[in-house]
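> Sequence:
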Amino acid sequence: MKRKNNDEAVFPEGIDQALLDKAKAALRNEGVKPLTRRCVICNSESAPNSVENLCWVCRRLKISAWRDSDQQISAQE
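At position 11 of the sequence shown the residue is numbered 11 (the numbering used here), and the sequence of numbers has no breaks.
Keep in mind the hints are simulated off the structure, nothing from the lab.
No residue lacks a Cβ here, since even glycine has one placed at the ideal position from N, Cα and C.
Possibly wrong hints are sitting among the right ones.
[Said to hold, decoys possible] Label-pair distances were calculated between CB atoms; the ranges are:
#, residue 1, residue 2, range
1, Glu52, Gln17, 41 to 51 Å
2, Gly14, Asn53, 35 to 45 Å
3, Ser69, Asp16, 53 to 63 Å
4, Glu45, Gln71, 25 to 35 Å
5, Asp16, Asp68, 55 to 65 Å
6, Arg67, Arg37, 50 to 60 Å
The task is simple: from the sequences and hints, build the whole structure.
Okay, structure coming up:
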């Protein structure tokens, strides 16, 4: 049995050629890393869900500091 060449892959007739070209381009650029934001504190890669542009380490430290300060305020009351 012969192997099919990847360039000659068979696609259903109903697929739009523009969509097919876009998908092929996306596969070619798969290894390219998108531009990432940098952490404002330590300049490492920013966490994707961070609104304040903090890396995951600085974000966790900030959350921990908030928890500690809240516990100190409640202990003083």
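> Evaluate each hint against the coordinates.
Consistency of the hints with the structure:
1. At about 43 Å, the beta-carbon gap between Glu52 and Gln17 stays in the expected band of 41 to 51 Å.
2. Against the hinted window of 35 to 45 Å, the Cβ-Cβ separation of Gly14 and Asn53 comes to about 44 Å, which satisfies the hint.
3. Remark: the range hint 53 to 63 Å for Ser69 to Asp16 is upheld by a beta-carbon distance near 56 Å.
4. Under the hint 25 to 35 Å, the C-beta atoms of Glu45 and Gln71, about 31 Å apart, fit the expected range.
5. Checked against the hint of 55 to 65 Å, the C-beta distance between Asp16 and Asp68 comes to roughly 56 Å, which is consistent with it.
6. At roughly 25 Å, the beta-carbon separation of Arg67 and Arg37 lies outside the given 50 to 60 Å, and the hint is violated.
Hint 6 from the list above is the single one not met by this structure.
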